[in-house]
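Starting from the known structure of chain E, fit chain R onto it as the hints suggest.
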Amino acid sequence: MDPANLKKLNAARNGRRAAILLTEMESGRDRVVLERDAVAGSLGEITSAAFRSGKSGMHEIDGKEYFLNVHVPAPRIAAIGAVHITQALAGIAAIAGYDLRVIDPRTAFATPERFAGVDLAAEWPQDELAKRPLDAFTALVAVTHDPKIDDFPLIEALKTGCFYVGALGSRKTHAKRVDRFKAEGLSEADIARIHAPIGLDIAASNPMEIAVAIMGEIIQAYRTRPVHAGEGAVREPQEA
Amino acid sequence: MTSASQATTPATSPALGQELDIAEAWMKEGREVAVATVVETWGSAPRPVGAHLVIDMDGNFEGSVSGGCVEGAVIADAMDVLHSGEPKMLEFGVADETAWEVGLSCGGRIRVYVERVG
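So the sequences go chain by chain: E and R. With the numbering used here, the residue at position 28 of the first sequence is 28, and numbering never jumps. With the numbering used here, the residue at position 115 of the second sequence is 115, and numbering never jumps.
Just chain E, with the same shape it has in the complex (with noise of 0.2 angstroms):
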């Protein structure tokens, strides 16, 4: 492996950003190939089915067999709301090995000893998203109940493609979202994008519940993103 690929994807990888290290197996010969580089021929092909899949594996093209080793961030969660549902969805998320931070502009709600352990941010989601952005790894979950806190990161999270965005709310309250999100000029195949009422529909009726049924819905969404795998000699690993 050439060294200087070896910084180069875990810069990539560090940063959140996809990378493919690229193989060719007789020569030994590798280059990094980040998600937006231009890939010439079936190489490219190869290279943009794997990034939208996700999964490494050997390719023969033209007669060369080449490794594509796929690096695609760790899952996140943004929690909008330093409420009682977050505070039981920080240890559900735990568990399912997704790192989760909350922000909150009120100093009320977030506060250290209510979420003990957890990143934390008491400031608007303007201020918290331009230092550190969403993005399409990361899940939105808005919870506040309160528009002037929710519908910005909301609107961001449809932008910059976050592969889950969940809103709560009653189907009413989302029916004023819908229309103030048009009135912001966003497509109706956007806004279908949001969950909500968020959470799978498990009947959930306290905190605790609802936020194992957000935290169903946001794995179901990861793992049923679009992919379009290329045809060829990626096997899927089998549990042991």
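Hints are computed from structural coordinates only; laboratory data are not their basis. Predicted model, so just to flag it, every value in this text is computed and none were measured. Every residue gets a Cβ at the ideal spot worked out from N, C-alpha and C, and that includes glycine. Any given hint could be a false lead.
[Unchecked claim] With beta-carbon atoms standing in for the labels, derived distance ranges:
1) Gly59(R) x Ala189(E): 32 to 38 angstroms
2) Glu24(E) x Lys28(R): 25 to 31 angstroms
3) Asn14(E) x Gly85(R): 36 to 42 angstroms
4) Ala192(E) x Glu86(R): 28 to 34 angstroms
5) Ser84(R) x Ala189(E): 52 to 58 angstroms
[As the list claims (entries may be wrong)] Derived coverage of chain R by chain E (criterion: at least 3 residues anywhere in the stretch with Cβ under 8 angstroms from a Cβ of chain E; other residues may be distant):
6) 20-30
7) 35-46
8) 57-63
[Unchecked claim] If the Cβ cut is set under 8 angstroms, some of the chain E residues that face chain R in the computed set are:
9) Met1
10) Pro3
11) Leu6
12) Lys8
13) Leu9
14) Asn10
15) Gly57
16) Met58
17) Asn69
18) Val70
19) His145
20) Pro147
21) Phe152
This is chain R only, laid out in the frame that chain E set:
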């Protein structure tokens, strides 16, 4: 701010491992480093395609390609790769004559690519 949940990385995502960061750190310390990567699996394999084991010339290692079954053999081959600079493709599975020595008791088969950094 803390990131307490960073340790709970799902085992299904080899990209979440820190092996490549360790390889880079070792390289910067002037150590010779080999990287072993699972490139193909058949049947039930303990570690998915893309998983890494990194090895230095003293036999220190981090990560895994099989969860313990064949690491010893991979490390031995990594020593050759570090000396020669020539990459190697290794294959392990129960079909091997040596199944009882170094094989996958789970019944799967894996191919492991071992290369030197630099």
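Q: Kindly indicate which numbered hints from before are broken by the structure, ordering the numbers from low to high.
A: Per hint list: 1, 3, 4, 8, 12, 19, 20 and 21 violated.
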